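Protein sequences, first through last, are from chains G and P.
Note that the first sequence covers residues 1 to 275 in the working numbering.
Note that the second sequence covers residues 1 to 325 in the working numbering.
Where hints are given, some of them may not hold.
Unchecked claim - Label-pair distances were calculated between CB atoms; the ranges are: (1) A94(P) with G36(G): 23 to 33 angstroms; (2) G9(G) with C221(P): 22 to 32 angstroms; (3) K74(P) with N133(G): 26 to 36 angstroms; (4) L5(G) with G96(P): 50 to 60 angstroms.
These aren't lab readings, by the way, just hints derived from the structure by calculation.
This structure is a prediction, so every number in the text was calculated from the model and none was measured.
We put the CB at the ideal spot given by N, CA and C, even for glycine.
These are the residues of each chain, in order.
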Amino acid sequence: MKKLLGWVGFYLLVAAIILYSVFPFYYAIVTSLKAGSQLFSVEYFPTTWNWDNYVSVFREQPFAYNLLNSVLVSFSVVALSLFFGVTAAFALGRVQFRGRGLLLMTVLAVSMFPQVAVLSGMFELIRGLGLYNNLLGLVISYMIFTLPFTVWVLTTFMRDLPKELEEAAIMDGANPWQIIVKVFMPLMWPALVTTGLLAFIAAWNEFLFALTFTLTNTQRTVPVAIALISGASQYELPWGNIMAASVIVTLPVVILVLIFQRRIVSGLTAGAVKG
Amino acid sequence: MATATTELADRALGAASIAAPAQKSHLTRSRVRAAWLFLAPMLILLAMVAGWPLFRTIWFSFTDANLSDLSSAKFIGFENYLAYNDGEWYGVLADGEWWNAVWNTLKFSVVSVTIETILGLIVALVLNASFPGRSLVRAAVLIPWAIPTIVSAKMWSWMMHDQFGILNHMLLGVGLISAPLAWTASPDLAMTAVIMVDVWKTTPFMALLILAALQMLPTDCYEAARVDGIHPVRVFFKVTLPLIRPALMVAVIFRLLDALRIFDLIYVLTSNSKDTMSMSVYARQQLVDFQSVGYGSAASTLLFLTVGLCVVLYITFGRVRFDGR
């Protein structure tokens, strides 16, 4: 009897955890499917399937542009950080040289920079390069948080690859670039997928730089666009549109995360508890 | 994401110190040259997007720079930080709103990280038990983590809507409150609202890190405890908690660093309201809304120093943990 009670309690807890995690997103979906005044009555289940909000979010503002901007920025950020990350990780993970520990510490220190702490300097840099209100400016500025992390995870991964592979390649006369591309890259794809995905999510979700370094609606990324959706007045926010936009940007990320959940969990904890 | 890097630092430091002295063969020399060649692009990029902007921000904090014309900035010493003029103190350090922001940030960080740790621990313990449907629960738990912060802020501010929000509807339904609450607008509740959303959003992260630690634990002491018939709660406090403490400390301190720089959630949920304004929100408001780059940079620099101080504390903590093992 006591054991049964324990099981019931345990499953109640499990149910509570699932409900707590999923409900806000579920409710956003329910809200996004409502029309007009229906919004103002609380319902737990969708009663109608009305797609008007999804249409109007594209009609009332350049949301298609915003999506495209987010996609372009995020993919560029991933490609650039993986390229710079892999080359740097080779040097930091495979070669012993003086100052390596210090370099790794510096990279780690950068990952802890509060974004606000570099905001005015970054603003000057972006404007100096003529990239204000330009997606390229966002791509460059995002490197400050994706690069350190990418370098770190890839370095740990590189270091754990067997030495014999590299030695054999050196014996065959391969240069370091060939070693990276031909020997290590094929072995590294799990780490590349993990870090690439985490960099993608970080770039996709970024807000402060995107808010500060863009000016016009068509140059904005999705998070900024959503944050700035406004109605006739402060008190008349178009909640239906906001929820529809939220569902649109969240769905791809949630699907990616669910597909790659094992990879992500191992990426987040990479080395963290291996001791 | 920062958390993943934490202990890597320790490992790298360890690895660097044990590394055998490089033999000065021709091959080694050419390898080291190649290494620097491969490092150069990353280092240059990092210096450009991190080192230089940080340096310029600190420089701006000593000038009267204005956003509309950064080039005409003049050096004014510490006046942005603290200045005495005609019997009155000026500067960030004399600004009540800055100290209000500091206090808000500290309150937010301590309370939300504490709650996240406790909830994360519970979720991790549940996920560590084997039961049918475990992978489903893990998938569900990952969802808040995957949702962009801006979206979660918007989702919650709709749920917390004072008139049409489902949260008030639920609480009224079960009789916990007698009148709808204005979650994000009322001065007493705004901070609670921010903490609620942050806890929802970041507990998964905490849970996953703790779970990873739990899964590394040796099983033999649990078997011994079971044979001896020790109560599970006692086992948790006497065995599990001390064993995962190092991982827990790492997770907590990195969440804390993240919480200290919070911007987006507060900006979207409660805008520039005084009741929840964090140090980051204060600095950006000065920089962008009030256009005073010098003054805002001073606030940014102070935030940077605060976070830096926490890192130093972390490294000290790290040493303690290292020796303890």
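Taking the hints in turn, this is what the structure says about them:
The hinted range of 23 to 33 angstroms is not satisfied by A94(P) and G36(G), whose Cβ atoms lie roughly 51 angstroms apart. Between G9(G) and C221(P) the Cβ separation comes to about 25 angstroms, which falls inside the hinted range of 22 to 32 angstroms. Between K74(P) and N133(G) the C-beta distance comes to about 28 angstroms, which sits within the given range of 26 to 36 angstroms. For the pair L5(G) and G96(P), the supplied restraint of 50 to 60 angstroms holds, since their beta-carbon distance comes to about 54 angstroms.
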